[in-house]
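Turn these sequences into a full structure, and let the hints steer you where they fit.
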Amino acid sequence: MKKHINVPIFIPHVGCPNACVFCNQRTISGKMRFAKDTVRRELAQAFSTVDGTIPAQIAYFGGSFTGIDRMEMKELLSVANEYIDLGKCDSIRVSTRPDYISREILDILRAYRVSCVELGIQSTDAEVLSACKRGHTAEDSFRAASLIKEYGMDFIGQMMVGLPCATEENERQTAEDICRMGADGARIYPAVVFEDTALADMTRRGEYLPLTRETSVSRAANALRVFIEHDVPVIRIGLQSGEALEREDGVVAGGYHPAVGELAYAYYFRTLMESEFTKRETAGKTAVLRAHPSDVSKIIGQRGANREALIKTFSLKGFRVVPDGKAVKNHPDISIL
2 MKKHINVPIF IPHVGCPNAC VFCNQRTISG KMRFAKDTVR RELAQAFSTV
52 DGTIPAQIAY FGGSFTGIDR MEMKELLSVA NEYIDLGKCD SIRVSTRPDY
102 ISREILDILR AYRVSCVELG IQSTDAEVLS ACKRGHTAED SFRAASLIKE
152 YGMDFIGQMM VGLPCATEEN ERQTAEDICR MGADGARIYP AVVFEDTALA
202 DMTRRGEYLP LTRETSVSRA ANALRVFIEH DVPVIRIGLQ SGEALEREDG
252 VVAGGYHPAV GELAYAYYFR TLMESEFTKR ETAGKTAVLR AHPSDVSKII
302 GQRGANREAL IKTFSLKGFR VVPDGKAVKN HPDISIL
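When we follow this note's numbering, the leftmost residue of the sequence shown carries the number 2, and every step to the right adds one.
Calculated directly from the structure, the hints in this document are not laboratory data.
In this text, a Cβ means the ideal position worked out from N, Cα and C, and glycines have one as well.
Check before you lean on any hint, since a few could be wrong.
Below, computed lysine-lysine pairings styled on DSS-like, alpha-carbon distance capped at 25 Å [stated by the list, open to error]: (1) K75 to K150; (2) K313 to K280; (3) K4 to K150; (4) K313 to K327; (5) K286 to K318; (6) K280 to K330; (7) K89 to K4; (8) K318 to K280; (9) K327 to K4.
Between beta-carbon pairs, the in silico distance windows are [said to hold, decoys possible]: (10) E169 to R304: 54 to 62 Å; (11) A20 to R304: 17 to 25 Å; (12) E140 to E169: 32 to 40 Å; (13) D86 to T287: 55 to 63 Å; (14) P324 to D70: 46 to 54 Å; (15) E208 to S49: 44 to 52 Å; (16) P324 to C166: 40 to 48 Å; (17) D52 to D86: 13 to 21 Å; (18) D202 to K318: 38 to 46 Å; (19) S316 to D52: 22 to 30 Å.
Structure follows, in structure tokens:
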């Protein structure tokens, strides 16, 4: 999967008649409605800030893109294709639901140079899907992923942690299933309780226990570990920060934190190191880790939290992380000296 700069266009609820218990996409995207006549203006503004050194990809996010009226979908894709023809971007990605994928839809997407489809799978557990009123099954997800791969497009699997009836076990299974589907990448979203959702009502009635900051981090790290084990890149953990998410009247409760991704990686690395240190004699010795430069801050932890905790727990004399461009990302080489 090629690296791109995403140029996002959010289309909240467009094409999606379903009402999942957790969903208020107008809050998520910060847009109260979608007007297709604004797309050209949004794209023009976005591309005025793109320097062109990394290929750009127009991304229609937020709604079930393949569920909208066919003519409108083609019009939106045509606008994006103008930027491809001008050489300003090289492809398009869309996000949608597993039950809104078919050969007819994929024929259209391929004709308009869509190269990546993100599927909002959320869970492959039947009880979780039912409790969330998703309106599709795990079988729909497997079928859709198979078709996307057959058409030669990249497939990104989106999953959520902390949903009603979800457990660490069935969340891990969802991550395993997304890997088995042949995912080229994944997104992990800790559940957030937004105002004006059924999940907010369930929370107030005591029928649902929202994630805390700590559980959102540990549950996200639980899924992250699976994707790392299967060499599936995780392109994002958590929702992007924005005014709509930071308003006190927008979020009722749950796992939203602007740095949840960084914290989840730090949790992953801490548990990895704890497992390794337990096998060795560490008292009075120095731990030296050679790590990919992008992993260094995550290994050390925010404000050095991992380093301090590991020094104390394992009676270490010292703890050093050495950046090494040749190191494998997410897999530091650990020595005890």
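Verification of the supplied hints:
no.: 1; hint: K75 to K150; result: 22 Å, holds
no.: 2; hint: K313 to K280; result: 16 Å, holds
no.: 3; hint: K4 to K150; result: 18 Å, holds
no.: 4; hint: K313 to K327; result: 30 Å, violated
no.: 5; hint: K286 to K318; result: 5 Å, holds
no.: 6; hint: K280 to K330; result: 22 Å, holds
no.: 7; hint: K89 to K4; result: 15 Å, holds
no.: 8; hint: K318 to K280; result: 17 Å, holds
no.: 9; hint: K327 to K4; result: 19 Å, holds
no.: 10; hint: E169 to R304: 54 to 62 Å; result: 27 Å, violated
no.: 11; hint: A20 to R304: 17 to 25 Å; result: 41 Å, violated
no.: 12; hint: E140 to E169: 32 to 40 Å; result: 23 Å, violated
no.: 13; hint: D86 to T287: 55 to 63 Å; result: 58 Å, holds
no.: 14; hint: P324 to D70: 46 to 54 Å; result: 51 Å, holds
no.: 15; hint: E208 to S49: 44 to 52 Å; result: 47 Å, holds
no.: 16; hint: P324 to C166: 40 to 48 Å; result: 42 Å, holds
no.: 17; hint: D52 to D86: 13 to 21 Å; result: 20 Å, holds
no.: 18; hint: D202 to K318: 38 to 46 Å; result: 54 Å, violated
no.: 19; hint: S316 to D52: 22 to 30 Å; result: 49 Å, violated
Hints 4, 10, 11, 12, 18, 19, counting from the list given before, are not met by this structure.
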